[in-house]
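Residue numbers (the working numbering), protein chains in the order written: chain E, 1 to 702; chain W, 1 to 702.
Think of the hints as simulated: they come from the structure by calculation, not from any bench.
Treat each hint with caution, since some may be false.
Cross-link-like lysine-lysine pairs, in silico, BS3-like; alpha carbons within 27 Å at most [said to hold, decoys possible]:
| # | chain 1 | residue 1 | chain 2 | residue 2 |
| --- | --- | --- | --- | --- |
| 1 | E | K111 | W | K564 |
| 2 | W | K49 | E | K49 |
| 3 | W | K290 | E | K159 |
| 4 | E | K49 | W | K159 |
| 5 | W | K159 | E | K159 |
| 6 | E | K217 | W | K470 |
| 7 | E | K530 | W | K111 |
| 8 | W | K49 | W | K360 |
| 9 | E | K121 | W | K537 |
| 10 | E | K564 | W | K122 |
| 11 | W | K360 | E | K452 |
Protein chains: 2
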Amino acid sequence: MFQVSQTASPSALPAFLQKRPVMAGYQRTLRLDTNRPQAVVHVLGTSLKTSLNRSAPPSSKFFSVKCTPSVQYSITPPPQGTSHLTPIPLQGNSVLLISMSQASQEENDSKLSVCYYGENKKVLGIAVLHLTAVEISLDVDADRDGVVEKNNPNKGSWKWGSSGHGAILLVNCDSEPTYQKKPDCQEDCTPKVSDLKDMSLMVLRTKGPARLPSGYKLTMHISQGDAESVRVFRSRIPGVQKNTLQQPSSTVVKDLLRVLSIDVLSQDVPYVGGTAEMNFYVEGLRFPDKDFDGLISISLSLLEPISAGLPETPIFTDKVVFRVAPWIMTPNTLQPMEVFVCSTSDNNQFLKGMNNLVAKVGSKLKICSEDVNRGDRWMQDELEFGYIDSPHHWFPVVLDSPRDGELQDFPYDELLGPDFGYVTRIAKRKDVSSLDSFGNLEVSPPVTVNGKNFPLGRILIGVAFPTATKGRNMTKVVQDFLWAQKVQEPIALFSDWLFVGHIDEFMTFVPAKDRKGFRLLLASPDAGYKLFRGLQKDGHGQAKLFEGLKGQEPVTLDEILNDKSLQAENNYVQSCIDWNRDVLKRELGLDDDDIVDLPILFKLELEKKEEEEETYRAVAYYPDMVNMIVLGKSLGIPKPFGPKVNGRCALEAEMCSLMEGLGLSCTFIDDFASYHKLLGEVHCGSNVRRKPFDFKWWNLEF
Amino acid sequence: MFQVSQTASPSALPAFLQKRPVMAGYQRTLRLDTNRPQAVVHVLGTSLKTSLNRSAPPSSKFFSVKCTPSVQYSITPPPQGTSHLTPIPLQGNSVLLISMSQASQEENDSKLSVCYYGENKKVLGIAVLHLTAVEISLDVDADRDGVVEKNNPNKGSWKWGSSGHGAILLVNCDSEPTYQKKPDCQEDCTPKVSDLKDMSLMVLRTKGPARLPSGYKLTMHISQGDAESVRVFRSRIPGVQKNTLQQPSSTVVKDLLRVLSIDVLSQDVPYVGGTAEMNFYVEGLRFPDKDFDGLISISLSLLEPISAGLPETPIFTDKVVFRVAPWIMTPNTLQPMEVFVCSTSDNNQFLKGMNNLVAKVGSKLKICSEDVNRGDRWMQDELEFGYIDSPHHWFPVVLDSPRDGELQDFPYDELLGPDFGYVTRIAKRKDVSSLDSFGNLEVSPPVTVNGKNFPLGRILIGVAFPTATKGRNMTKVVQDFLWAQKVQEPIALFSDWLFVGHIDEFMTFVPAKDRKGFRLLLASPDAGYKLFRGLQKDGHGQAKLFEGLKGQEPVTLDEILNDKSLQAENNYVQSCIDWNRDVLKRELGLDDDDIVDLPILFKLELEKKEEEEETYRAVAYYPDMVNMIVLGKSLGIPKPFGPKVNGRCALEAEMCSLMEGLGLSCTFIDDFASYHKLLGEVHCGSNVRRKPFDFKWWNLEF
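With the hints as constraints, model all of the structure from the sequences given.
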């Protein structure tokens with residue numbers, strides 16, 4: 001029944017074998033045994049390599065090879081001018097390379113034998129291999145199109161960019177409805193059907209006989225290091241054929257099994273005979289951070305039995321790589337979806353203003369009631385909205401600040417839910433300062449800096465000067481988290497000069513049709529003084545700021561402009577803002593024409609320090625117009641209560657003139673009593689959840 | 001005295017300015033003030049940018065600019081066809097860019113003024129700048145030639161490769177002689193003169209007037225994250241002119257000051273007038289690890305005073321980057337410098353053999369006495385020799401295993417010293433197993449794998465199968481350390497099948513003149529059986545192993561070859577070694593011809609496990625010849641006590657024949673009673689400190 005194979009050199013291997021990816025076990029050393037026949041399982045796409053000399057009986061001089069048609073082999077060094085049926089001279093380095101081109105229908109349905117001959121062509125021994133071929137492929141969506149393709153040659157590595165490859169994993173940090181709410185990745189029980197879409201599908205494709213030869217088995221495994229970042233589930237019922245990331249039907253998943261987790265680094269998975277696909281669901285558990293680059297490997301091995309008391313040998317390993325999706329922030333240039341504010345006993349006026357604005361832009365206003373906010377109105381400071389994205393699914397994720405004011409439970413209790421994720425970083429109480437409020441955490445629109453693209457913009461935070469021997473800082477755990485996300489490389493600005501210390505007190509971004517698609521707005525005392533001096537020169541020196549405000553003495557322009565101390569304070573403030581201006585120009589690649597200076601004055605307040613040293617820090621002199629809310633082309637700006645000129649507030653008029661040139665409309669919202677007097681403004685008191693970027697983060701080039 | 005500068009456009013900036021590196025403060029926004037003259041410090045290589053419009057008095061329509069010859073300026077948009085002496089029309093976006101080309105001799109020795117005019121060319125105000133120019137450069141050996149060059153444009157970043165750049169730092173882990181020995185980087189007191197060569201020189205070069213204008217100062221600073229990895233010292237006497245890494249004279253350093261450390265992230269450094277150089281000494285404190293990529297930045301800023309209670313503003317920052325040198329292992333192909341063994345009450349025979357061998361190769365034998373080793377003879381297992389290297393200095397560094405047998409104090413007490421560094425990783429007792437002995441940690445000679453060069457070879461460790469649900473492993477802290485060194489990318493082999501569990505029980509490397517410069521030697525039961533069967537066939541079946549050994553029953557070849565169980569055990573061992581062979585071929589890019597199979601048999605021993613489950617693991621049947629010591633072309637091989645054929649041990653004869661073909665000489669050392677019977681051999685009982693690679697690790701390409 002044996003035939004000589006027609007393929008006698010490695011270059012004659014079937015094309016599909018040459019195209020298959022290089023696998024961990026692609027060439028396996030096999031021992032021949034002339035004492036007894038061996039049953040061998042062969043994995044398609046690999047080859048078996050055997051030293052002909054090593055197992056030859058003593059005095060062997062020649063050998064011949066026979067096999068069934070399903071088996072291909074080659075001999076090196078290639079025999080000179082002999083038919084393979086004729087005994088071939090045995091050399092010290094004679095090697096036989098064996099492969100097969102299709103999966104076996106039955107166990108041991110293929111065969112290869114090597115016959116050894118002595119000096120006089122006398123048969124000294126025959127080594128017989130009974131071969132079973134199986135096809136095994138652990139598959140993921142390595143080409144990032146939302147569908148798990150078959151055996152992608154790049155599935156075992158990860159590369160950034162539009163021509164890159166590698167599968168993507170979400171941190172399953174939203175919360176399916178359960179009795180006691182927590183992020184799904186912290187749940188210990190079996191996931192629900194609705195949870196599977198937050199995981200990445202991984203398919204084990206196999207082809208072969210109905211059963212593997214006795215003792216052989218498939219094992220899925222992860223490293224100890226990866227195990228704290230990932231879990232793998234599968235359906236209890238094997239043989240599922242779906243391989244897209246559509247919502248699986250409830251019958252399929254009603255019985256999910258946990259395969260791998262922090263406690264189980266390795267587990268057997270069933271082999272299903274014939275042509276089979278088994279779905280696995282891979283769940284990310286943690287975001288990239290200082291000690292985690294976001295990459296995770298999952299392997300599947302075929303194990304060969306040895307005997308009791310001895311570990312099975314992996315004879316083939318297939319590996320896939322995932323990267324955990326980073327947490328991404330959304331700049332002001334993205335469309336708003338929901339606006340969040342707090343209701344307090346004293347902010348009715350503000351709420352009315354916000355309600356009108358939000359209604360105008362057709363967005364949704366969500367009001368956090370007083371029993372939840374307990375009087376903490378700083379919606380901006382407690383949390384930052386972002387999102388995570390993959391080719392198959394995305395959802396918003398709130399980053400909860402370690403600030404933890406009275407609003408501290410809002411992100412977890414009110415936002416975390418189905419398709420709304422939650423992440424936080426825990427800091428020691430003593431390490432948390434006002435700079436940890438997320439009014440001090442912003443993100444720029446997309447920029448290009450010296451030829452380097454940042455299509456998702458760059459994160460901005462405020463800290464003390466790097467040269468400061470003391471000073472407040474954003475806590476290290478949050479900074480480490482932000483830097484580790486990698487796709488919106490952060491920039492550290494100087495905000496410690498401000499009493500409250502948030503970068504949103506001196507800067508914001510608004511959309512614009514021309515130039516880079518946006519403008520950077522900066523608070524500018526110089527612009528304020530310039531405006532006021534012009535008004536004074538035009539005879540409006542007696543015009544008053546703060547007119548008609550309860551509990552606030554009005555002040556004339558002349559009084560302001562004659563206040564030498566205030567001028568000196570504002571010179572200092574301008575130099576602090578200019579320092580940031582220089583950094584922002586450099587790090588965002590901006591020109592002066594990309595920046596608009598807003599007329600805003602500050603004043604310095606004495607801060608009592610523990611060390612009894614006097615420190616002065618800045619607060620806005622009148623409502624800080626740059627601290628605005630940006631909803632598309634509509635701006636909600638703190639009403640400045642500036643000097644009236646010809647019946648109109650000169651600050652509002654200047655602001656409108658500057659913004660209308662960019663095609664933006666200004667709505668001034670009275671936040672004087674309820675926010676400004678408490679050292680915050682419209683932006684501090686609101687938060688906006690925005691649409692994600694169209695640009696996909698995995699298309700970034702590094 | 002004022003003259004109009006001849007350079008009126010940025011492209012006309014002096015060439016040296018255009019060549020200077022992009023600095024953190026290279027373009028600084030400056031406010032003009034028509035109310036009072038300003039004193040401004042300018043740093044050469046940067047420019048001052050000022051908005052002409054922002055500070056213009058109301059109604060200004062024109063301006064003109066005058067300056068001393070030392071000052072260059074340009075105006076954008078460029079004025080149309082007017083002399084600069086004629087008033088130029090003021091536009092909304094008019095910008096003045098100011099720079100200077102050489103350091104000031106005296107404070108405020110340069111001047112620039114801007115005059116503003118109204119409609120009828122009436123002067124409305126003059127802004128006057130008194131300028132002081134200084135040159136500041138924080139310098140390191142960024143081109144890696146052992147000398148600190150001046151203002152290398154690449155000093156602020158780090159790039160691998162022979163065309164790369166970036167300075168290098170050693171972990172100061174050796175120990176200068178002190179009262180109580182510890183690694184220098186753990187010393188709290190001021191370093192000694194002899195310690196400076198272990199640090200990297202950093203030079204602050206300044207040029208300018210005798211003093212900086214009042215209140216200005218220089219500050220050196222590091223980030224919180226870097227502060228745990230680096231310290232910076234300087235001489236108390238400023239103005240040192242040395243800039244090579246020669247041994248500094250004792251007068252220079254007798255008074256060292258600590259500038260930066262974990263407790264001091266920022267500190268003022270003196271400004272020395274005229275042309276000055278000040279030496280700083282930078283000390284690495286920790287090796288790259290899982291949470292530390294090895295990169296460290298040090299910055300120097302020029303601070304401008306504001307007023308009491310306000311932080312000084314950094315107006316210029318220069319930055320340098322270091323990478324901490326990785327710990328590098330030395331393969332068998334490097335020349336031996338010292339050989340270490342233990343003296344015990346029962347190993348006289350072994351010591352004699354080692355002494356002869358070491359004398360023959362002209363190396364030094366260092367014997368650890370019994371009062372130090374307390375009977376622990378496994379010199380290989382307690383420690384691994386390596387080294388750290390930089391362009392200016394290198395020294396050996398011992399990695400102390402968490403194994404901690406009776407030899408545990410030897411690396412610290414006996415090896416750590418001047419120019420001999422020490423590093424260890426602390427593991428929990430329960431996480432430490434036999435696989436943490438460094439007989440399980442080896443390194444290959446240089447290899448090229450699929451076109452990728454590993455000129456420092458690759459580290460090899462032994463673990464359980466990745467698929468194993470249980471099994472021993474090298475502890476995670478050591479694995480993390482090894483991977484983080486990056487320059488000898490580790491390979492995990494399977495060694496848990498061995499009773500002792502060390503990779504040196506089945507493999508080693510020896511030098512060879514041909515092919516890749518080395519051979520991989522593998523223990524091979526198949527080769528053993530082949531040899532023995534041949535001998536049996538030739539009539540030597542009654543030849544005995546273990547003849548003349550006390551307490552060891554001799555056994556005939558016939559008995560061995562008839563033992564079916566032993567054959568089965570060795571088949572299993574061969575399959576384990578073959579698994580490793582496949583990995584080694586793949587990961588080191590080896591062909592079969594790069595590998596030599598040594599005739600070595602194993603047997604399985606029952607290991608009693610806590611869970612009362614039976615586990616069998618392998619030990620060598622006769623002295624394990626692959627567990628040899630390699631000293632140049634001389635091999636010290638465990639004497640196998642094999643069957644005598646024609647008066648000569650057939651195993652020794654086979655071994656000699658295999659090795660002599662490679663130009664290597666074999667010395668057989670009797671370790672039977674004192675090592676083999678205790679489950680170790682020559683390699684386990686010795687250790688070799690070798691010469692470092694000629695290849696410099698920073699020339700690696702990634």
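Structure-based check of each hint:
{"no.": "1", "hint": "E/K111 <-> W/K564", "verdict": "holds, 26 Å"}
{"no.": "2", "hint": "W/K49 <-> E/K49", "verdict": "violated, 71 Å"}
{"no.": "3", "hint": "W/K290 <-> E/K159", "verdict": "holds, 21 Å"}
{"no.": "4", "hint": "E/K49 <-> W/K159", "verdict": "violated, 41 Å"}
{"no.": "5", "hint": "W/K159 <-> E/K159", "verdict": "holds, 20 Å"}
{"no.": "6", "hint": "E/K217 <-> W/K470", "verdict": "holds, 17 Å"}
{"no.": "7", "hint": "E/K530 <-> W/K111", "verdict": "holds, 25 Å"}
{"no.": "8", "hint": "W/K49 <-> W/K360", "verdict": "violated, 74 Å"}
{"no.": "9", "hint": "E/K121 <-> W/K537", "verdict": "holds, 18 Å"}
{"no.": "10", "hint": "E/K564 <-> W/K122", "verdict": "holds, 26 Å"}
{"no.": "11", "hint": "W/K360 <-> E/K452", "verdict": "violated, 61 Å"}
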